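**Q** Turn these sequences into a full structure, and let the hints steer you where they fit.
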Amino acid sequence: MLILNGKKINMERFPNHETKVKDFENDIVKKQNVLEFRYATDGDLITLMFVKKRLDEFNVPCTLFIWYMPYSRMDRKIEGDLYTLQYVCEFINWLNFAKVVVMEPHSGKTMQLLQRAKDIYPVKDWLSIVQKEVGFTEKDHVVFPDKGAAARYVSSDYANVCIMEKSRNPLTGKIGGMYLKEGNVNPGAKCIIIDDLCSRGGTFIAAANILKSLGAGEIYLLVSHCEENVFTGILLTEESPIDRVYTSTSIMSKEHPNISYMDVDVTNYVRQ
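Per this note's numbering, residue 523 is the first one in the sequence shown, and the count goes up by one each step.
No incorrect hints appear here.
Distance windows between CB atoms, simulated: (1) Pro709 <-> Thr789: 40 to 46 angstroms; (2) Met523 <-> Phe580: 19 to 25 angstroms; (3) Pro709 <-> His539: 55 to 61 angstroms; (4) Asp785 <-> Ile600: 35 to 41 angstroms; (5) Asp765 <-> Asp785: 18 to 24 angstroms; (6) Glu777 <-> Glu687: 30 to 36 angstroms; (7) Gly739 <-> Ser689: 25 to 31 angstroms; (8) Asn538 <-> Thr789: 33 to 39 angstroms; (9) Gly670 <-> Arg535: 36 to 42 angstroms.
Keep in mind the hints are simulated off the structure, nothing from the lab.
This structure is a prediction, so every number in the text was calculated from the model and none was measured.
By construction, the Cβ of each residue, glycine as well, lies at the ideal position given by its N, Cα and C atoms.
**A** Structure follows, in structure tokens:
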């Protein structure tokens, strides 16, 4: 889905699945335009090209806001696979936006490959909101499920931090082991696990189980992106050690009693 200056760009499909983009001339402004890109299928990349080429005909500046960077998992050359993140970034560079803003890019390689780009981390802004909602106190903990998450949010001033260490099977990607590397868990403490992306939630279930075994009370998950695959695991079931998930609508917006969707002020982040 594409949104230009707050208005959704309308599209239809021909019988052979070609995309018909409705003209959006009346929504174009002379100064800075903001185009929001919400990836759902590869066809959205073609639509992005159509829209940017139409904007170029008016010779107006435009910032691209990427809610979730597609192909960010394919961030290195692996034997037998294509380095698709590189190709997608080259495609976006070719479209020549005035600026590109990426919401929690998942891989640092994205920012190395994109031109005129900056990354933003709304989770840092959401944390205080979640803390207030759940009644967070000085005895409670912010938890990073691995060193990567800790490194991404290291600039934030968190007290009572816990950092997990984990290992994965290189063939299956499954977690081979996890333990609390840094910090202590106060008995009955509330814990907020912070990371960028949730799929089925295996990492977070493992982290939460460790926290519970060490005496933690309520446990919450705060992530920038959440895939619909979360509904295939136990993360949102009664078996889950996690009480609630806080996330954005960057990938999905399916309702569930244990999911809270956080607001993203696109205009504010673009202006920063």
